[in-house]
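Asker: Put chain F with the ligands on the given structure of chain Y with help from the hints.
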Amino acid sequence: MTPLYNQLPQQSVSGWGQYPKMESVQIAVHSKRKIRELFSETKRNGLDQYGLITRGLGRSYGDSALAEQILHTEHLNHFMQFDADSGDLTCAAGVTLADILDIFVPRGWFLPVTPGTKFVTVGGAIASDVHGKNHHLHGCFSEHVSSLKLVVASGEVMSCSPQENAPLFHATCGGMGLTGVIVEATLRLIPIASALIAESSYKTANLEETLTLFEEHDNATYSVAWIDCLATGKKLGRSLLMLGEHESREEAVKEEQSQESALQAHKNGKMNVPINMPSMLLNRYSIQAFNTLYYHKQTRTHQTRSVHYDPYFYPLDGLHNWNRLYGKNGFVQYQFVIPKSAGLVGMSRILEAITRSKRGSFLAVLKAFGPQNQNYLSFPVEGYTLALDFKISPGLFEFLDELDRIVLDCGGRLYLTKDARMSEATFKQSYPQWEVFQEVRSQYGADRLFRSRQSQRLGL
Amino acid sequence: MQKILIIGATSSIAEATLRLYAHQGAELYLLGRDEEKLETLANDAKIRGAAEAHWAKLDVNDIDQHASVLQTAFSSVGTFDVVLIAHGTLPDQQACQESIHTTLRELNTNAISTVSLLTWLANQMEIQGYGTLAVITSVAGDRGRQSNYVYGAAKGMVSIFLQGLRNRLASKDIQVLDIKPGFVDTPMTAGFKKGPLWAKPQTIAQSIVKAIDKQRDTLYTPFFWRWIMLIIRNIPEFIFKKMKL
Ligand SMILES: Cc1cc2nc3c(=O)[nH]c(=O)nc-3n(C[C@H](O)[C@H](O)[C@H](O)COP(=O)(O)OP(=O)(O)OC[C@H]3O[C@@H](n4cnc5c(N)ncnc54)[C@H](O)[C@@H]3O)c2cc1C
Ligand SMILES: NC(=O)c1ccc[n+]([C@@H]2O[C@H](COP(=O)([O-])OP(=O)(O)OC[C@H]3O[C@@H](n4cnc5c(N)ncnc54)[C@H](OP(=O)(O)O)[C@@H]3O)[C@@H](O)[C@H]2O)c1
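Read top to bottom, the protein sequences are chains Y and F.
Under this note's numbering, think of the first position of the first sequence as 12, with each following residue one higher.
Under this note's numbering, think of the first position of the second sequence as 187, with each following residue one higher.
For reference, chain Y alone in the conformation it holds in the complex (with noise of 0.2 Å):
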């Protein structure tokens, strides 16, 4: 085996937001004792003075999965144990969420927290503990994982559940990489009787009408508003508010006329953007355009249909590539949480600071958090959280650290990964565990040899 720095030719590598770039080798490991070896070839060589990092499908936006040295999870896809009573489904962590709804929607199970793409893996989704529309009733993603398996810088294969070596466990989940390389791990999925999801819809005038809405419907299964950004003064907030329950067998074969369509996995998309676009594509002007159509898409303020999962959890996933469409300066998306105490108030401060600053984004999502889990450094608090693009321009990142004092200001933080920019002490500040999950790492030698170029960054 030759996976030596020195040995093997350094590709340009970076997040889903394409800011940052860097210079990496990249590792596709293909087994425990693959990675077992690297680890010591690593030390040997004394190549650990360079960091190394995890990487999934590269869904996160940021630097996150970057660092002179990648380790690919991608051949470690397998499937290993289904139990068809429970739902139980034990795969190695390279498995993407896509691969999942192929196999496991026709026999009607369905995903129990899903991010907004199902390209992500199952590594990946562990080591950012991701959140869905259903987190304020089920949680994270780490909140249905039973248990898994890490190897630990040393080499050994680690099994941790919330019962056994439950701080390696709790540091791991959303440990963005930096605990060890996850490689196995057991999820509860869902029953379903039918692909469909009935969808409702709400439009809303303004910022304090969305948050009762989601306040009133907060036993809906799926909960999310698209926030026009761009709408001032008293449409501040104006949204459409978008509900979503699975359907049952009985409507979706009164809607599908027939059995076996019921739970038809998703059709793999085909439409592709091949190259970056130029990024004046995306000015003022058209997301304006794009926001205000979105906002007046629906007539009436109350509407239902039903849709397929697909279309209703994955919109843009149909056409891949879409991060090109911001140029190749690539941008940057700012996702923050607010507790629910800073609610209103703090939410109008920070909307009016974004449409004060003519900085448009492309899309604004709203989300309201259930309770927070046990882990370190998962991102969920209760409370609001919004995710917004910014294409990477003159100015921005001044701005955004003025953003990031309104945040702190409101007791809230940031996504790490959707983080591309934070500091050091913003995040210190706003994530107070970072020293238990620094001990943790510490105690199994993940110091000295994980490290991407945000835990760097952020002084892990």
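These are calculated hints, taken from the structure and not from any lab test.
Heads up, some of the hints might be wrong.
Okay, derived cross-link-like pairs now, DSS-like style, lysine-lysine, Cα gap no bigger than 27 Å in a straight line [said to hold, decoys possible]:
1) Lys-243(F) x Lys-45(Y)
2) Lys-386(F) x Lys-189(F)
3) Lys-379(F) x Lys-54(Y)
4) Lys-379(F) x Lys-32(Y)
5) Lys-430(F) x Lys-379(F)
6) Lys-386(F) x Lys-43(Y)
7) Lys-246(Y) x Lys-214(Y)
Answerer: Just chain F with the ligands now, kept in the frame of chain Y:
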């Protein structure tokens, strides 16, 4: 339900192919030398929908074992609709130039072992009276080049052998498919810098299943290699010999 036998089943291209058959509900029989990996693949295939997935150990350089291992496979499953041979190694050309032992070992793995397997399999398929023999060779077998002519010679030998076999079995309704991939991103090529000509094993696998369904003779995959190799084969030797290839 199709029954599929795969030799060198742990290869990335073979694995991507067996997944497509598993998804279709086929019964699989996997042969290879890495038992841990074979067990992983068989489990995975069953969860993906394979009716059954058997496996057994075979180091293809252990030629004395070929007949008995293959016999066991046929005895336990009965007949096979498709047999795919996928194993291979990419020799270090420089090392081969320095040692005839290395060269012979590489020729054994990439050519002689396959000839031995095919000899037994061809007779068996002839008795069975239907089915497909599919073998992964390479575009490298189309013309010798200084950078990898040991590998090229081995693959070229298998291609010619297959041509003859096809001629022999055509009247018996047995398909003999020669699969010639170009650059594929697999462990075999881990050390290479990848560019636009590189394909994923999944793409190769899809084209293999399609070529078997369509009863094709030779498959260049991805398709554009047919045209690239047409050009390469037609460059006059007096020019070719001076090129750095
Ligand atoms: C269009 C889009 C929509 C999204 N929507 C949501 C959403 O709704 N909710 C949400 O929570 N997130 C969302 N995300 C973010 C995404 O879910 C996370 O970034 C996820 O972690 C990406 O998984 P990946 O496999 O691509 O991991 P990568 O991006 O490759 O890696 C992400 C992190 O996980 C670590 N990691 C990956 N694999 C392993 C492993 N095997 N062992 C240890 N560490 C590992 C990496 O080191 C890195 O720190 C979205 C992203 C996109 C592009
Ligand atoms: N990758 C390319 O660019 C490319 C291009 C053209 C043709 N090909 C051909 O495609 C085929 C598949 O290769 P791949 O690209 O998928 O690479 P791969 O994943 O490295 O597969 C090669 C396989 O051959 C197996 N093998 C080697 N020696 C063996 C032996 N003595 N006994 C049993 N099995 C043995 C290996 O088994 P272990 O897992 O135990 O090591 C491995 O699974 C090969 O014939 C190759 O020559 C590849």
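Asker: Now tell me if each hint is right for this structure.
Answerer: Hints, one by one, checked against the model:
no. : hint                    : verdict
1   : Lys-243(F) x Lys-45(Y)  : holds, 21 Å
2   : Lys-386(F) x Lys-189(F) : holds, 25 Å
3   : Lys-379(F) x Lys-54(Y)  : holds, 24 Å
4   : Lys-379(F) x Lys-32(Y)  : holds, 18 Å
5   : Lys-430(F) x Lys-379(F) : holds, 18 Å
6   : Lys-386(F) x Lys-43(Y)  : holds, 23 Å
7   : Lys-246(Y) x Lys-214(Y) : holds, 12 Å
Of the numbered hints stated above, none is contradicted by the structure.
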